[in-house]
Structures are given as structure tokens and as C-alpha cells.
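Protein chains: 4
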Amino acid sequence: MLREGSWVVGDTLIRFLDKMCVHIQNVKRNLDFNRIEEFISALDNAGSIFVMGAGRSGFVAKAFAMRLMHLGYNVYVVGETVTPRIKPEDLLVAISGSGETLSVVNISRRAKEEIGSKLVAITQRPNSTLAKMGDIVIVLKGKDKYERNHELSKLAPLGTLFELTALIFLDGLVAEIMNLKQLTEDDLAERHAVLE
Amino acid sequence: MLREGSWVVGDTLIRFLDKMCVHIQNVKRNLDFNRIEEFISALDNAGSIFVMGAGRSGFVAKAFAMRLMHLGYNVYVVGETVTPRIKPEDLLVAISGSGETLSVVNISRRAKEEIGSKLVAITQRPNSTLAKMGDIVIVLKGKDKYERNHELSKLAPLGTLFELTALIFLDGLVAEIMNLKQLTEDDLAERHAVLE
Amino acid sequence: MLREGSWVVGDTLIRFLDKMCVHIQNVKRNLDFNRIEEFISALDNAGSIFVMGAGRSGFVAKAFAMRLMHLGYNVYVVGETVTPRIKPEDLLVAISGSGETLSVVNISRRAKEEIGSKLVAITQRPNSTLAKMGDIVIVLKGKDKYERNHELSKLAPLGTLFELTALIFLDGLVAEIMNLKQLTEDDLAERHAVLE
Amino acid sequence: MLREGSWVVGDTLIRFLDKMCVHIQNVKRNLDFNRIEEFISALDNAGSIFVMGAGRSGFVAKAFAMRLMHLGYNVYVVGETVTPRIKPEDLLVAISGSGETLSVVNISRRAKEEIGSKLVAITQRPNSTLAKMGDIVIVLKGKDKYERNHELSKLAPLGTLFELTALIFLDGLVAEIMNLKQLTEDDLAERHAVLE
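Residue numbers (the numbering used here), protein chains in the order written: chain V, 124 to 319; chain P, 124 to 319; chain F, 124 to 319; chain C, 124 to 319.
Hints listed in this document are in silico derivations from the structure and should not be mistaken for laboratory results. Treat the hints with caution; some may be incorrect.
Identical copies look the same in the list; a pair holds intra-copy or inter-copy alike.
Below, computed lysine-lysine pairings styled on DSS-like, alpha-carbon distance capped at 25 Å [claimed, not checked]: (1) K304 <-> K151; (2) K142 <-> K264; (3) K142 <-> K304; (4) K210 <-> K151; (5) K277 <-> K151; (6) K151 <-> K264; (7) K255 <-> K142; (8) K142 <-> K241; (9) K255 <-> K241.
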């Protein structure tokens, strides 16, 4: 194992993994089950579901959208090729740690104000522009992108903590929905793409 | 909180979060620091870095690529618009839980055999086709996509566990590299896209 | 207008546009209406339609997929987030000028051989691997990517001519389908995304 | 050849191809060579080039970006994974037929006003919001998306004519640049991706 001065390759990685565990326990304690229930109801009652996010939050949004498709929902990613016009009875799930990402805020506003669709905002900032527009707001505490916490800045720079938290939370929500609907892994596998 | 029969919304989500913590501790115990050191060296010595993955592993690959760009590496995603021809001195990082994904295996083979590039394989199956081709193999234990573990199947269907593990591991690696290179969050922020 | 030696900015562009017109007239003369009719029937009889292509042919495939969605077809792009498992009753439309693009050939083979889906191959090479697998083969003469025609190489390098020809042909096919189904621009506009 | 009532499969497609030729001749007559020269200079003097567009104009933007990479420019697509922060010395090329596409207009405004980058607007509407912001405006006459020309609506619905015109124009520009820089097809092929 390489040593240069006082540190060893792997120490930071280990501290990162420990931090993740502590953070997941934190997330767990702060879950708002009423919001989660409303979120699941909104997914179930939507005509179609549209998801969006920018940057790494966009990848989280897509990973969630893929599982929604596997679960049998009619789902689209904003900006992908076959995504149709959103309608009033549809649901937009918008993911932004800061809640201020230009395209996410502007497109969410259009969906809310011009179309009349329902908006689920997933963010770490309950007072952000996105959160204020949301019909349902899921607040997931990460490190604020604008915050400069010394230790967190070194372990989980920029939106890292929010993005990981959002993906883990949404994958937990998928498990929750599987249980509610009594869906098995085989049900999901049946819809999983094979041309890849 | 909604109750239907014996379960409550949120129970499965909580079990999922607990499982994730246990799993992260498991990953930590099984880290192979020599491989990690080789991986970091390979990133540092590469001309350009190419990353690839399919489906949700593809989103993990992109999230990692974005951070490599923030760290100052010259990095491309296989299949994106501005990705140039790979060269012998370049590095391909391929992510596949099963290690058998058609496009990932075929493209990795071309990079290795026709071009002569170095290959880092990130997979949960050390005996997979992808792992066998890898110059450096990072094995991250998830639930095998083909495995049908009863409890895991319900909490983390298909590749979920591998995908989350890979993203968390790679974000930990980013922290490790930041420490090695003494990069700060501001260094990363300076390269972060603002048009989004 | 800038002059450097004997040439003038714009001359090459003008020669390119003239070449395109001549080429479109050529394409017109070589249309195989029986194949076009079979293609339209295959689109209409498919469960779902999957389209794919790599590089610039991939953008052509996506542009066509978007219009198929506007026309009311159930269509997916191979590799995008919400694309489900392909089934035997589905149709794969694969676009490759050379007909030898690694991922396009391998994925088409899987769709044909493992799934039993129908394959429409759009290519400029009737003897290519892709064309040989196709149930319906649409041959669109471009400049062969491997061909080194002196004038064409300078005006329309690499796959340019095929890619433009394919996009123009497919947009003409969209017009044809609109006419056959008596669809108006308003019918298409109704499905056009507004969140963009 | 199938006949149903008075029409024949292929007639509309043929009329479409003829229309395209007439339109290309029109484009040719209306080329503004001073703007084209400014555009090429802006590409050559930019630090990095960023391109963007939404929907099918987005595919045109990506097809152009790929060729710029082949030509040796340092180019990125807004929204793709490895795209860094834009800087004052960089150039944004924004493509929108209407010149009013929400994300394109908002992101162009940010690049201009907050960053101070140069903006090339490619649009069919010289009075659009996008055009008004452009340092260089390339007007390419298509059918206005909001226009309801009876014949054009049936042959080239929505943005079809603009999108095709933009792609053909930009591919002609690539030929022009190849000539100016005395680049050969082999120079481009050398940078063309092989992992696809």
C-alpha cells in the first residue's frame, strides 16, 4: 500500500463510506412518511409520469425512471426522444439539490403554470424556487452545493451527498412500491431491456 | 400513515436503508487497496479516459465521468457526441454488474484487441467475460442480477445493489483522488457546467 | 468577401448544396416502392417500434423516432432510459451506412436471433452484415464511408451523404404516412413535447 | 404498387424530395456570405465551442458538434456528461427554428449575460428572442413552426424544413472549413470514434 508522508491510499475512501452510513441513518430518521405516501399516490394516479434533472441529478432521475418503467408505470424523461407533450393529468418529478437549476426550475414552472400538471419536487432545500412550486416536496438533506462544510467538502464535493441520497431514497421507494403492489423481481425483469 | 392489513408504508424503505448500510460496511471490509492504487495510477497515466456502461450502470459511468472532468482529467463517455477515436495510450473504464452486457463486452474487446488500450473492468463477477479481459479488475459485490436471493430480490431487484455500490465506491474514489492531489471543492466547482 | 489565393468563402458550400440536389434527384430515381410499402406495413403491424443507430446515424434514427411518436406510433430508441424489453411482435429499425457498425450489427443480431423480432435495415451497402440480416432492406446510396471518391471526400466526408440521405428519405416517409393516414400537422403538434 | 382510391404509395415522398431540392436552391440564393465568414472566424477564435438545441434541432446540433470534433475543434454539447463550465472566451452555437425554445433561450441568455460568451444564433426567425441576443445570426428560411402553409404542412410538418435546412447548411459549412484549412477526409477519419 502506497504511503506518501502521513496518508495511505484508501483512508479517505474508508472515511467516505463511513460517512455514507451515518448519513443514510440520518436520512432514515428524517423520513416524512406522509409525503412518501402522497408521492406514491401521485405516481399511481398520474396519466403519465415525466422525470427530469440536470447533471448528476439527471442521471439519478433517469435511473429512477428506468425502474418506474420496470414497475409498469408509463414514464418519460424530459428531453429524451420519444417523450410526448405533458398533459394536465400527468405528473412531473423534478430533482435538483439546490432547487435552483435553471432548466429544471423553468421547465417545472411551465408544467405547473401553462399545463397544470402536478409537480413533485425532490430537493435538499425546502425554501428553494423548485420546492415552493412543488405540490409534493420531498426534502432530502445533503450537503448544500453552496455550503462549504470543511470535512464534507473534502469527502463529498458539490452535490455528491444529495445525489447519492436521492438515488438511494428512490431505490428504497421502488422496493416500497414493489411491496405495496406485490411485484416480484421477475415482474421487473420481464420489462428490462435486452438490447443493450 | 396508511395501513393495509399488516404492513405500513415506509417499512420496506427503512429495511432497504438498513440493508444499504450493512452492505456499505461489507464493501469497506472487502476493499482491495492494491487494485484501487493501480486504478488511480491508470487514470493518472492515461492519455484520455473513456468510460462506458449500459442501462443504470451507464448512468453510474456518466456520473463518474462528470466528476473525473471536474477533477481535471481528459475524459469521454463512449457513445456521446464529442467522443473521439480511442488510442493505445488511452484507458477504458467499463462498468457492468454481470460482466456480460453485450455492448460493453464487445466494445471492451475492440478497445483491448484492435486498439490496444488498457481496460479497467468494474463488475461484481470476477469470472465474467468482462473481468477476464480487464487489465485491472475492480470487484464490487452486489446481488448478482441472475441470483434470486429472496430478501434481496424484494429490496434491491436486478442490478440495484451493484449500481448503488459502484456509484458510492466511485464517489469515494473521487474523494481519495481529491486528497491525493490536494484538490478542493472550489477546484471542482470551477469546472462544473453552468449551462444546465 | 474574404479571398485567399484563388478561392472565396462560400464556393465550397455552394458546390455542396448543388451536389445535394443532384443526389436527391438520384435517390428519387432509385426509390424501390415495394420496399417502402413493406416498410410502412411493418411499422403499422408492429407491436412496438425500436430504432437504433450509432454516431450521426444515431441522430437520424432519433429524429425519425421522434416523428414516429408524433404520428402516434409506440416507439422507443435503443439505449434510452424508458426503452423496455423488445418482443417477437416488435420491429427493430437499424440505421448504418456501412452496415457493419459493431453495436448496431450485434444488437440487430440479438433482436433477430434471440428474440425473433422483425428487422428493417437502412444502409447504403446491400451486401453488408446488417443488410443480410434484414427482413426488409432499404438501400440508400450515399458515398461509402470506406470509398475515397476525390470530389465527394472533400464535400461530404465520411458518412455525411448517407446520413443526410437517410434523414431526408425518412422525413419523406413521414409525409407519405401522414397522407396515407390523413393526419394533419395539428395531429402531430398535439403530441409534440412542450417541456424542452 | 398499392393503390387506395386516387393515390399511390410514394407520390408524397417524391413530392417531398422535389420540394427539398427547390428549397435547397432557395437557401443557396439567400446565403449571407459575410455572416458565414464571421461564423467561421468565431469558431476559429473561440476557446471552446458549445452547441445546443432542443428536440430535432438538438440532433442537428449534435451532428454538427461531432463534425467540429472531427475537424479538430474543442467542442462540447450543452447537457452532455463531460461538458465543462463555459467561459467568456468560449462560443455558444444555439439552434432553434422558432428562436423561442424555452431552454435554448434561457441558457443562451445565461451564457451571454452572466458569462459574457459569444453567441451564434441559428434560426429561421430574425426577430425571435434568440436572434435578438445573437452576436452572429444565421437565418435559414424553413417553414415557420407556427405557420400553417397548406402544402408545406402536409409535406414537412412542424420544424422539419428548418431542421433539414440547418443540417444541410452546417454540413456544407464543414466542407467549407475543410477547404479553408486544407483538411482531408483522412484527417477527419483519424478522429472518428471507433467504439460504437
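Quiz prompt | Hints violated by the structure (numbers, ascending) | solution = Going through the list in order, the structure violates hints 4, 7, 8 and respects the others.
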